[in-house]
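Protein chains in written order, with my numbering: chain A, 1 to 363; chain B, 1 to 363; chain C, 1 to 363; chain D, 1 to 363.
Keep in mind the hints are simulated off the structure, nothing from the lab.
Check the hints yourself; a few may be wrong.
Here chain C is said to cover these stretches of chain D; the calculated rule only asks that three of the stretch's residues, wherever they fall, bring their Cβ under 8 Å from a Cβ of chain C [said to hold, decoys possible]:
1) 1–14
2) 183–189
3) 214–222
4) 335–342
Derived Cβ-Cβ restraints for the label pairs, each shown as a range [as the list claims (entries may be wrong)]:
5) Y137/B to E57/A: 42 to 48 Å
6) Q342/A to Y137/B: 52 to 58 Å
7) K34/D to R119/C: 41 to 47 Å
In this text, all values refer to a predicted model and were calculated from it rather than measured experimentally.
Glycine is no exception: its CB is placed at the ideal position from the N, C-alpha and C atoms.
There are 4 protein chains.
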Amino acid sequence: MLIVMKAQATDVEVTGVVNSLQERGLEAHLSRGKERVVIGAVGDVHSVTQSSILALEGVERIIPIAHPFKLVSRNFKNHDTVVDLGVVQVGDRAITVFAGPCAVEGRDVVLSTAAAVARAGATGLRGGAFKPRTSPYSFQGLGSAGLEILAEARALTGLPVVTEAMTPQQVAEVAEMADVIQLGARNMQNYDLLQEAGRARKPVLLKRGMSSTVDEWLLAAEYIVAAGNPNVILCERGIRTFSQRTRNTLDLSAIPLVKELSHLPVIVDPSHATGHWSLVGPMARAAIAAGADGLLVEVHADPATALCDGGQSLTPENFGRLMEDIELIARAQGRQVARLRQRQPQSTDGLTAASGTSPVPQD
Amino acid sequence: MLIVMKAQATDVEVTGVVNSLQERGLEAHLSRGKERVVIGAVGDVHSVTQSSILALEGVERIIPIAHPFKLVSRNFKNHDTVVDLGVVQVGDRAITVFAGPCAVEGRDVVLSTAAAVARAGATGLRGGAFKPRTSPYSFQGLGSAGLEILAEARALTGLPVVTEAMTPQQVAEVAEMADVIQLGARNMQNYDLLQEAGRARKPVLLKRGMSSTVDEWLLAAEYIVAAGNPNVILCERGIRTFSQRTRNTLDLSAIPLVKELSHLPVIVDPSHATGHWSLVGPMARAAIAAGADGLLVEVHADPATALCDGGQSLTPENFGRLMEDIELIARAQGRQVARLRQRQPQSTDGLTAASGTSPVPQD
Amino acid sequence: MLIVMKAQATDVEVTGVVNSLQERGLEAHLSRGKERVVIGAVGDVHSVTQSSILALEGVERIIPIAHPFKLVSRNFKNHDTVVDLGVVQVGDRAITVFAGPCAVEGRDVVLSTAAAVARAGATGLRGGAFKPRTSPYSFQGLGSAGLEILAEARALTGLPVVTEAMTPQQVAEVAEMADVIQLGARNMQNYDLLQEAGRARKPVLLKRGMSSTVDEWLLAAEYIVAAGNPNVILCERGIRTFSQRTRNTLDLSAIPLVKELSHLPVIVDPSHATGHWSLVGPMARAAIAAGADGLLVEVHADPATALCDGGQSLTPENFGRLMEDIELIARAQGRQVARLRQRQPQSTDGLTAASGTSPVPQD
Amino acid sequence: MLIVMKAQATDVEVTGVVNSLQERGLEAHLSRGKERVVIGAVGDVHSVTQSSILALEGVERIIPIAHPFKLVSRNFKNHDTVVDLGVVQVGDRAITVFAGPCAVEGRDVVLSTAAAVARAGATGLRGGAFKPRTSPYSFQGLGSAGLEILAEARALTGLPVVTEAMTPQQVAEVAEMADVIQLGARNMQNYDLLQEAGRARKPVLLKRGMSSTVDEWLLAAEYIVAAGNPNVILCERGIRTFSQRTRNTLDLSAIPLVKELSHLPVIVDPSHATGHWSLVGPMARAAIAAGADGLLVEVHADPATALCDGGQSLTPENFGRLMEDIELIARAQGRQVARLRQRQPQSTDGLTAASGTSPVPQD
């Protein structure tokens, strides 16, 4: 932590800061520049409240040097985390694609969409039973009944299921049924939810908040890992900017940035990022070219009847084309789209072999 | 709802959209411009999923016309909502100022700060017992013990207390003790929390999310009101922008905008908005001049020892000056800073007279 | 300048950076933290290209410590700059209000608007003869003929005129006629234009770019002052954010921030910031309460016929109310709206007494 | 153009708007919804100032329906524009890569960098002789002397040269020497510069402004094309957002969006977008996968000595790897990196064959 003093700070104020740091058990290194003094604080700075230093007389600003996250940091663990879903892995070089409808709207549409995406080569099924909606008057999802439909779709197709938990209470129910617990963008800083997901024995897919920095996103992952669950998959889904022709602005530079800073796998949701089905294919290809570990894509057997996000959903035909395109991009980089392994017997009880054994990093 | 067709949309596609609207029970009004057709959908458009229309062939975009919020809308109720806290009201012309430390860190500091802000004319006490923190390694608040300290401070000063509930579970405990339940910016779209607060019998202070539009903010309030609690106070606390010399960018134009769109009172938090104590005073004055119903200000008896947000906290002396300044601004506009009424006997059971009687709008 | 090394930087890399700094004539101060090394570079860091340091092996990031601006900095000159327009001053405690139409559309409307704003107490006339327009098909202004109309309006009312120059070539012509040369938001980083305005002998009103930081804004002012013109008035006019119910987001915290960092006066344009006439009054009041030195307000004798920005223009009646309101806010803070002094004889040749003598700071 | 009336608008106000539209020669179509009236204006709406309609009593907002741009629109011209640089074309399926230093700093470094990028397969040379710099104290470029060095580098390598013109005056000099005139992000709305480039007989590379919408970008291109120059290459270079770990946020969704809206080619600058050399490769690959027509990449023979943007410059070795990577991505999509054709004799006079003949679209 560096403390930059104001240009007009007095010697008494500089000494005040030095003493204050020493009282907190830190060493203080002074560097007198032409215009102002900078004080380096060395020691266990995580224990010190930066903002209280900022309140000292003569202090202009605080510059944190150490990354605020630890367990998710590549400095802490230099090997890539691979999250094992039993029939497929996320974060080895193969590309995992979760596809399916925005919301679980009914049995028929989910089963037919699931069958279609499985045929096209998807390696996971997405679909929301519990739906966060901006308006209280929008369709809010089928809830527990939706989870049963997803279980049926999984039995039919063999696809592992990712679905969202919106509250700490829903985590256990979702974890019981699903292969991956999704935490949504609006909940990225819902700390009780993060901690409850951290206590679950299923992997967690953590979407980036729509106005979250990469550091805040990694700190949210840190909450989950610190609570005991090392199996976190990050998901970039676009950030909010002034640009309004797309629903959000997909920040693909976050992919290589996360790979530099963290050992966690990172996938991309081009559907929510763009909001238009015609932009999903190009952004999916770009995500893979940028090094993403996989995709989360909205597909609907009949987008024009969808209760949620029809405009950004692909038809099964368009999804088939997308899978062909990303296979080609993947191969150009010495990678490939993942193939499902045979599901192991005990997976029928809702726990995959790998994530059922022990919540330690798979690497 | 207006449906703008693509420039190259065919007659068959236009007819397809018209038929689809009629199947959903809506009337369709066609307007053929020089370049493209626009279709107006008239009827109960709230029941129709816009995004599914967007998936129809030939549709370029959907333009909602009706406001998505109802109960909180000025169209629905044209009189200002006044939220009664027993000893003071929020939303009549007088200005309510909630002041106190960011976090409830300990008994002494809270009691001394509470006494100081009361002396300076504050009409409410703020302070967090449950604290949402970006890092799992930051001080997380004293929890229930913190609520007891706040209760003691209230008994001492007579100030009504606003404090945050972070989870649906905490709502009952906070509602039991506090006069106003605060919902934080990170939780603005935590829908279970909104609904639980909507079932509480205490007023709710709803902070704007850091990347929320005014419409999304009002829809979050709509969740609370639709769940049965009409006593919502909105709080602007800055939005996230590219500008980094302040913690957030205070969007004061939201004040008159909310006043045009909604009947709910709106206050301003200049402390979180700016992140620097030296900017708090000017922004507090600006907020009052823009028509805000009140302020939420961080004050700490000794900012340099604060465990949270010391850099943006005012000393009691500076807070005293702020109160004098805003009194002058208020009087220049024919308003004044609110004065505490005598607390009524039944307030000791934690329920103020007004909000304890019936959860109907006070207007 | 501080150089933060990567956590895994080697001693050889650290030595490489130290040597490189010394070759550039700087001292290097090492601070070894628990995780990484920070190197402080002391000396004439303005001469060193930070980005080249960033290219050295092992360097993670560069943190500038000194402000990048000099002449406009309060560290350089601690007295407030007062810009003298002959009949009124900008930056002393009195509030200067420039009002008038967006564009000079015709003689009658400009003269009648000018007369109306003068009657209401405006201390300056605004109006664009040269208009920057997003579309090549929009009305582009009357050009030189517009300047003549403004000169006639000035002769009629005595109001000093601010009008925009869009190109270096226009600067001389605008400086000949106007009392203040306006540089628009889109041109804030048009460096040739800044330098040409820096060579002019009239004050410059520099609008903040719509996505400019405060530092970039002050650096743009530095270009003007460094070129020889100390009479710069800054103008906050809103920044671009995700929020779309207003044309821009007015960043009023920039007012006290600029006052801390710089000695230049700063005024506010609530019309472009909000884009809606009904929000102009509240934001004008807020600007004055935040400490702005003045306002730039769009007023049109008949907004419904305006060729430009009618929706954000006040009628003369509404402008009259705004003037009364800000007078009250000003007086509450011990200030007042400026009154025009008698124009001095030589002002008829288009040069005010003060700015005509010598381009030195007025303080 | 649609005019949305306020919910409480009276019949008199509705009639007022209808009359006002008819006076402007437009038809008015009324659509009465449950809550409010929407009026469709049909006719030559480009001639009507929307903002003046907004000033009419009872009007809530205006919704433009027609695209504001014409000549650059795919509705106007459905074939892709191919810009011919004599030895290579931009906008056919082959990928054009302009590489070179940020600034022309000296003869040796430019010649050695040019030779290195030519060897690695670049099809164009980039480098700034005139440099827009945020600070007046930064290196401002070599100016005309820099253009001579670029000419020498072109003679040596055969690479067509793109270099920036910052002012209308520089356009002729740059057009004389260079193969493509670059207009920078800060100048995207410098309308005199756009128009002067529109009168030049060399292609123009138009960078997106850092806070410009896609519509504003296309309108800036419209200025150039409307002035007579159809050979415009768009360049996405990142937009400004809250995210601060990269210099800007690369908006790759702009690529397919521009392809839907316009016939102009679009390339990507991953160097300015990210600001870190280690992120340039992944973003270059992603750009090609998203369908970009080419790249603009900073390469420097020795980044650690660069006077400008060393931190985001690739070494020749890393650039060689990037070229290999994008060739693979291109081939996966049935495309390839462009190869230089033999330069034709008349190119020595500084005019390529194609752009020298006639300023009509190449398609």
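Consistency of the hints with the structure:
For the region 1–14 of chain D, the proposed coverage by chain C is not satisfied: 0 residues have a C-beta within less than 8 Å of a C-beta in that chain, short of the threshold of three. Counting residues of the region 183–189 of chain D whose CB falls under 8 Å from any CB of chain C gives 3; the rule of at least 3 is met. Interface restraint, the region 214–222 of chain D with chain C: holds (3 residues with C-beta to C-beta distance below 8 Å; minimum three). Here's how the region 335–342 of chain D fares: 0 of its residues keep a CB closer than 8 Å to some CB of chain C, so the rule of at least three is not met and the hint is violated.
Distance hint check: the CB atoms of Y137/B and E57/A are about 27 Å apart, inconsistent with the given range 42 to 48 Å. Between Q342/A and Y137/B the beta carbon distance is about 42 Å. The supplied range of 52 to 58 Å is therefore violated. For the hinted restraint 41 to 47 Å between K34/D and R119/C, the CB-CB distance of approximately 45 Å keeps it satisfied.
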